[in-house]
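*Asks:* Protein chains in written order, with the working numbering: chain A, 1 to 196; chain B, 1 to 84; chain C, 1 to 239.
There could be a bad hint or two in this list.
[Claimed, not checked] Sample of chain C residues at the chain B side, in silico, Cβ under 8 Å:
id, residue
1, G212
2, R235
3, F236
[Unchecked claim] Pairwise CB distance ranges (calculated):
id, chain 1, residue 1, chain 2, residue 2, range
4, B, D33, A, P55, 30 to 36 Å
5, B, D33, A, N172, 32 to 38 Å
6, A, G114, C, G89, 47 to 53 Å
7, A, P55, C, A45, 48 to 54 Å
8, C, T9, A, T46, 55 to 61 Å
Don't read these hints as lab results, they were simulated from the structure. All C-beta atoms, glycine included, are put in the ideal place defined by N, C-alpha and C.
As a plain string of letters, each chain reads:
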Amino acid sequence: MAIISRGFAGRSREHNPELPPGQYLTEDFPVLSAGPTPELDTAEWTFTVQTENGPTKWNWDELHDLGVEDVHTDIHCVTRWSKLGTSWRGIPLDAIFDKVETERDFVMQYSYGGYTTNLPLEDLLDGKAWVVSEFEGEPLDPEHGGPARLLVPHLYFWKSAKWIRGLIMQDNDEPGFWEQNGYNMYGDPWQEQRYW
Amino acid sequence: MQPIDGNALAGPLSELFRFDLTETTGECRHCGDTTVLARALVYPDPSGYVVRCSACGDVLLAIVSTEKRTWLDLSGIAGLQIPQ
Amino acid sequence: MVGSWHVGTVVATNTETPTGRSIVFDVPGWTGNLAGQHVDVRLSAPDGYQAVRSYSIASADASERVQLAVDKLPDGEVSPYLVDDLQVGDQVEFRGPLGGWFVWRPTDVGPVQLIAGGSGAVPLVAMARAHAAAQSNEDFRMLYSVREAADAFFASELQSLANEHFALDWIYTRKAPEGAARPAGRITADDLARLALPATSNPLVFVCGPTGFVETVASQLVELGHDPQRVKTERFGGK
Numbered sequence: 001m002a003i004i005s006r007g008f009a010g011r012s013r014e015h016n017p018e019l020p021p022g023q024y025l026t027e028d029f030p031v032l033s034a035g036p037t038p039e040l041d042t043a044e045w046t047f048t049v050q051t052e053n054g055p056t057k058w059n060w061d062e063l064h065d066l067g068v069e070d071v072h073t074d075i076h077c078v079t080r081w082s083k084l085g086t087s088w089r090g091i092p093l094d095a096i097f098d099k100v101e102t103e104r105d106f107v108m109q110y111s112y113g114g115y116t117t118n119l120p121l122e123d124l125l126d127g128k129a130w131v132v133s134e135f136e137g138e139p140l141d142p143e144h145g146g147p148a149r150l151l152v153p154h155l156y157f158w159k160s161a162k163w164i165r166g167l168i169m170q171d172n173d174e175p176g177f178w179e180q181n182g183y184n185m186y187g188d189p190w191q192e193q194r195y196w
Numbered sequence: 001m002q003p004i005d006g007n008a009l010a011g012p013l014s015e016l017f018r019f020d021l022t023e024t025t026g027e028c029r030h031c032g033d034t035t036v037l038a039r040a041l042v043y044p045d046p047s048g049y050v051v052r053c054s055a056c057g058d059v060l061l062a063i064v065s066t067e068k069r070t071w072l073d074l075s076g077i078a079g080l081q082i083p084q
Numbered sequence: 001m002v003g004s005w006h007v008g009t010v011v012a013t014n015t016e017t018p019t020g021r022s023i024v025f026d027v028p029g030w031t032g033n034l035a036g037q038h039v040d041v042r043l044s045a046p047d048g049y050q051a052v053r054s055y056s057i058a059s060a061d062a063s064e065r066v067q068l069a070v071d072k073l074p075d076g077e078v079s080p081y082l083v084d085d086l087q088v089g090d091q092v093e094f095r096g097p098l099g100g101w102f103v104w105r106p107t108d109v110g111p112v113q114l115i116a117g118g119s120g121a122v123p124l125v126a127m128a129r130a131h132a133a134a135q136s137n138e139d140f141r142m143l144y145s146v147r148e149a150a151d152a153f154f155a156s157e158l159q160s161l162a163n164e165h166f167a168l169d170w171i172y173t174r175k176a177p178e179g180a181a182r183p184a185g186r187i188t189a190d191d192l193a194r195l196a197l198p199a200t201s202n203p204l205v206f207v208c209g210p211t212g213f214v215e216t217v218a219s220q221l222v223e224l225g226h227d228p229q230r231v232k233t234e235r236f237g238g239k
C-alpha cells in the first residue's frame with residue numbers, strides 16, 4: 001500500500017466528465033518518443049501509399065496540392081493525458097485515397113525512423129484522419145512529428161504516427177510497434193482500449 | 001527528446017529480474033555490437049521504455065508496464081551475458 | 001531489498017543553490033549504497049496518482065541515511081515539490097539502490113576523472129566522498145561545469161576534499177568569478193586537455209549531466225585519445 005506524500009498533487013490535472021474514461025486534462029504537450037528525432041527536409045520528403053497495385057507517391061508540394069483544411073479536435077494519449085481544442089492544418093486522408101485503388105481493408109502507417117502503427121482503412125476515411133503539417137498556426141515541430149504526421153484523433157494518440165513516411169495496405173490487421181508490445185490493436189479511448 | 005543511458009532502467013527492471021540487467025552485456029541482433037546494457041540508449045516514451053543499440057539505433061528491448069502485467073520484448077537482443 | 005519500495009522520512013534539508021536543495025532521508029532497512037548509484041523516488045497523491053523519478057544518491061555509506069540533491073526543473077512535476085514543498089517529517093518511497101555499472105568502489109584500481117555538468121555532480125560527489133572516506137591513494141580529478149559559482153552543489157565541501165590525491169577544477173559557462181583565469185564559456189576539448197587526466201594515464205572517466213553536455217564531453221574525450229570503454233556516462237535527458 002503506497003504511502004501518501006503530504007502536499008503532493010502532481011501535474012495540474014482535472015477529471016472532466018467530457019473526457020474518455022481514465023483520462024486527465026492537460027495544458028502541456030509532452031514530447032516523448034520511442035527513438036531519436038529524424039532530421040527531415042521537405043525538399044526531399046515524400047509520402048507513399050503502397051497497395052496491391054503498386055505505390056503512389058507524392059512529394060511535399062504535390063501532397064499539399066490535394067487540398068489542405070483546418071482541423072480543430074481533442075487528442076487522447078494512452079498515458080491518460082487529454083488535450084482539448086487543438087488546432088492543426090493538413091490533408092484529409094479522403095483526398096489521398098481518392099487517388100488510390102485498393103481492395104485491402106487494413107493499413108500500416110510507417111514513419112521515418114522506423115515506427116509503425118496499424119489500423120483499419122475505414123478509420124482513416126470519412127473525415128476521420130489527416131496528414132498534418134501545422135500545429136497551432138505554426139509548422140509542425142520535429143519534436144512533435146514534423147514536418148508531417150498522421151492525425152487520427154478518434155483513437156489513442158499512438159495511432160497517429162509522427163514523421164509519417166507512408167501507408168502500406170494490408171490484407172490483415174498486422175500489429176505495429178507498440179501493438180506488438182502489449183498495446184491494443186484498435187485503441188478506442190471511449191472504450192478504454194489501452195492494452196491487450 | 002534526448003535519450004538517457006540504460007543504467008536508468010535499473011529500477012523498472014529490478015522488479016522483473018533478481019540481478020541488475022543493466023550490468024549484463026547484450027549482443028544487438030541487428031548489427032552484432034556487444035555492449036553492457038547500461039550503455040544502451042533509452043527513449044522513455046510514456047507508452048513504455050524503448051532501449052536502442054548505441055551503435056546502430058535498432059531496438060534492443062521494449063518494456064510496457066500496465067496495472068495487470070509488464071510486457072517485455074527482448075527480441076532485439078541476440079544473447080545476454082550475465083556476470084556471476 | 002531491490003525491487004520493493006521503502007519508506008523514507010525527511011530528517012534534514014539544506015539549500016544548496018538558488019534552484020537546488022539537498023535532502024537527508026531516514027530509510028529503515030536501507031543497507032547502504034555504492035558511490036554512483038541512484039534511487040527511484042515515488043510520490044503518491046491522495047487520489048492515487050503516482051509519479052516516479054530517478055535521483056542519484058549523494059551519500060555512499062552503509063547507514064540508514066540517504067542524501068539526495070535535487071535541482072528544480074522549470075516545468076518539472078516532482079522536482080518543484082522536492083525542492084520547495086518537502087519538509088522535515090514528510091515521507092516518500094524509495095526503490096533501490098540501483099545501478100551497478102556507473103559506480104566507483106574503493107577497491108577499484110587506477111586513476112579516476114570525474115566530469116560533472118550542473119546537477120550531474122551528485123553521483124560524482126558520492127564518489128569523491130567515498131574516495132575520501134576510504135583514504136584512497138588513487139588519483140582523483142574532478143572537473144565541475146556550472147553556469148556560475150552559486151549553482152554548484154556542495155562547493156565548499158568539495159573544495160575541502162582537495163589534497164594530493166584529489167584535484168578540483170571549475171568551468172563556469174555563463175559568469176566566471178572575479179579574477180578567474182578562464183573566462184566564462186562552455187567546456188571545450190582544450191579545457192579537457194588542460195584540466196583532465198590524460199588518456200595516457202588510462203583513467204576511468206565518469207561523465208554525468210544533461211544529455212547534450214555528456215555527449216559533447218564524451219566525444220571530446222575520445223578525440224583526445226581516451227578509450228570509449230573507459231568512459232562511463234550518465235545522461236539526465238533534457239537538452
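*Asks:* Tell me the numbers of any earlier hints that the structure contravenes, in ascending order.
*Replies:* none
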